[in-house]
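Undergrad: Chains as they are written, first to last, in the numbering used here: chain U, 1 to 150; chain S, 1 to 207.
Just to be clear, a hint being listed does not mean it is correct.
Reference listing, derived: stretches of chain S covered by chain U, where coverage requires no fewer than 3 residues with Cβ under 8 Å from a Cβ of chain U [what the hints assert, rightly or not]:
id: 1; region: 80–92
id: 2; region: 98–108
id: 3; region: 192–199
Listing some non-contacts, in silico: residues in chain U with all C-beta distances to chain S over 12 Å [stated by the list, open to error]:
id: 4; residue: I38
id: 5; residue: A78
id: 6; residue: R81
id: 7; residue: M99
id: 8; residue: A103
id: 9; residue: S112
id: 10; residue: A119
id: 11; residue: V136
id: 12; residue: R138
id: 13; residue: Q140
id: 14; residue: P141
No lab work stands behind these hints, which were simulated from the structure alone. Using N, Cα and C, we set each Cβ at its ideal position, and we do this for glycine too.
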Amino acid sequence: MTGAAAAGPSPPHAPYRSFPPIAELAVAAMILVIIGGIYLAAHLPNAISLTPAVVLLVVAALLLVADVVLLVRIRDFAWERFRQVAGWALVGYLVIAGMIGYAFIYDGTRGSQLVVLVAMLGVFAVVVPLLLGFSVARYQPVSADDDGNP
Amino acid sequence: MTNDGESVAAVILPAVGLGPAHPRPDFQIVPTRGIPIVAAAVVALIAAIATNQLWALDFFHVVGGGLWTGVDLFVGLVLGPIIGRMSIPARVEFSIRFMPKMLLIMPTLVTMTLASGWQLARHLGDLSASSTNHSWLVASYIVVGAMATIAIGVLEPANLGVLFELKKPRPDGELIAKLMRRFVYTAGITGLMQVATLIIMTRVATA
Numbered sequence: 001m002t003g004a005a006a007a008g009p010s011p012p013h014a015p016y017r018s019f020p021p022i023a024e025l026a027v028a029a030m031i032l033v034i035i036g037g038i039y040l041a042a043h044l045p046n047a048i049s050l051t052p053a054v055v056l057l058v059v060a061a062l063l064l065v066a067d068v069v070l071l072v073r074i075r076d077f078a079w080e081r082f083r084q085v086a087g088w089a090l091v092g093y094l095v096i097a098g099m100i101g102y103a104f105i106y107d108g109t110r111g112s113q114l115v116v117l118v119a120m121l122g123v124f125a126v127v128v129p130l131l132l133g134f135s136v137a138r139y140q141p142v143s144a145d146d147d148g149n150p
Numbered sequence: 001m002t003n004d005g006e007s008v009a010a011v012i013l014p015a016v017g018l019g020p021a022h023p024r025p026d027f028q029i030v031p032t033r034g035i036p037i038v039a040a041a042v043v044a045l046i047a048a049i050a051t052n053q054l055w056a057l058d059f060f061h062v063v064g065g066g067l068w069t070g071v072d073l074f075v076g077l078v079l080g081p082i083i084g085r086m087s088i089p090a091r092v093e094f095s096i097r098f099m100p101k102m103l104l105i106m107p108t109l110v111t112m113t114l115a116s117g118w119q120l121a122r123h124l125g126d127l128s129a130s131s132t133n134h135s136w137l138v139a140s141y142i143v144v145g146a147m148a149t150i151a152i153g154v155l156e157p158a159n160l161g162v163l164f165e166l167k168k169p170r171p172d173g174e175l176i177a178k179l180m181r182r183f184v185y186t187a188g189i190t191g192l193m194q195v196a197t198l199i200i201m202t203r204v205a206t207a
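Start from the sequences, fold in the hints, and give me the full structure.
TA: Written out as structure tokens, the structure reads:
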């Protein structure tokens, strides 16, 4: 039995149901870390002010946290499908983020620049799987094995 | 039409209300047969970066970049308009065969191109702010950043959405058409942006 069946009327058919702006927030967070990454990459290997990159990183991280909060509050959602897609995407994007991080370390990036870069890669590696998992699960029905709750 | 094509059409047509119901053919969202090829490409890429050999880095950047640009332009500007004029059942049948392959090919090409490109720029001294190519490189970061945003934020979710919809016992033809339209439009936009990449890269190569 799904959460919907237990709690009351079923939600509208998945493709036509409205959700909080989870995809939009995820894309915004992704754009911020990409801009931060471009800013840092454009100045490497020179020492530069990290303030713009840190500001972008903090805002992106806050957007990611807000996104997760909005996501876990959704009921009657295909969480099983979300976990399946986001889980595999996380594996893929951790490999990609790991490769980028490896390239920067290999090239001699150190200290606070490396910390900011790794943190940006961390946000990127989490926000993309979240976006992909949500984008698929939003159109999926809640399966019989899934209670529709996170 | 082949037997395989007939069986796919037999399934797709009823799904969009155009014919009698038949069992759906199964397909893999991620074609596992292609994963060893992807793994081999990634291992070779890591070896190229670790050994820092100019030829290997150049090979990965030129081959990966050429294919990435070519595929983007071809899908966005040639295949896209053709798909847009196809009937929904034909689009769906095409998607079943096309989209899973793109799911492996594109991320592999992008990773190959960007990782080797960064290392190549470092090898040639183009990362230095004093390099004559530096401003072109920064321009390429911006173009790639914009393309990545479109690809990851719009194109890839649409691709996955179509594939998972096609896995349903009765796929929603309207939803598939909507997501396919999104896929084709964004592929067209990234295709056009690849023209900017071509200009930047040929400027860098001839500076």
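Undergrad: Determine for every hint whether it applies to the structure shown.
TA: Hints versus structure:
Check on the region 80–92 of chain S: 0 of its residues sit with their Cβ under 8 Å from a Cβ of chain U, so the three-residue criterion for coverage is violated. With 1 residues bearing a CB less than 8 Å from a CB of chain U, the region 98–108 of chain S misses the requirement of three and the coverage assertion fails. Evaluation of the coverage hint for the region 192–199 of chain S: breached, as 0 residues show C-beta separations to chain U shorter than 8 Å, against a requirement of three. A cut-off of 12 Å between C-beta atoms contradicts the statement that U/I38 is not in contact with chain S; the least separation is 5 Å.
The beta carbon of U/A78 sits about 10 Å from the closest Cβ of chain S, which is not more than 12 Å, so the claim that it is off the interface is violated. Against the 12 Å criterion, U/R81 falls within the reach of chain S, whose nearest CB is about 7 Å from its own CB. Not every CB of chain S lies more than 12 Å from the CB of U/M99, the least distance being 6 Å, so the non-interface label is violated. The beta carbon of U/A103 is not kept farther than 12 Å from every beta carbon of chain S, the shortest such distance being approximately 6 Å.
Even its closest Cβ contact with chain S, about 19 Å, leaves U/S112 beyond 12 Å, as expected for a residue assigned away from the interface. Under the 12 Å C-beta cut-off, the non-interface status given to U/A119 relative to chain S holds; the minimum distance is some 18 Å. The claim that U/V136 lies off the interface is violated: its Cβ sits roughly 5 Å from the closest Cβ of chain S, which falls inside the 12 Å cut-off. Not every Cβ of chain S is farther than 12 Å from the Cβ of U/R138; the closest lies at roughly 8 Å, contradicting the non-interface assignment.
With 12 Å as the threshold on Cβ separation, the claim that U/Q140 sits away from chain S is violated: the shortest Cβ distance comes to roughly 6 Å. Chain S draws U/P141 into its interface by the beta-carbon criterion, the shortest separation being 8 Å against a cut-off of 12 Å.
In the structure shown, a violation is registered for the earlier hints numbered 1, 2, 3, 4, 5, 6, 7, 8, 11, 12, 13 and 14, in ascending order.
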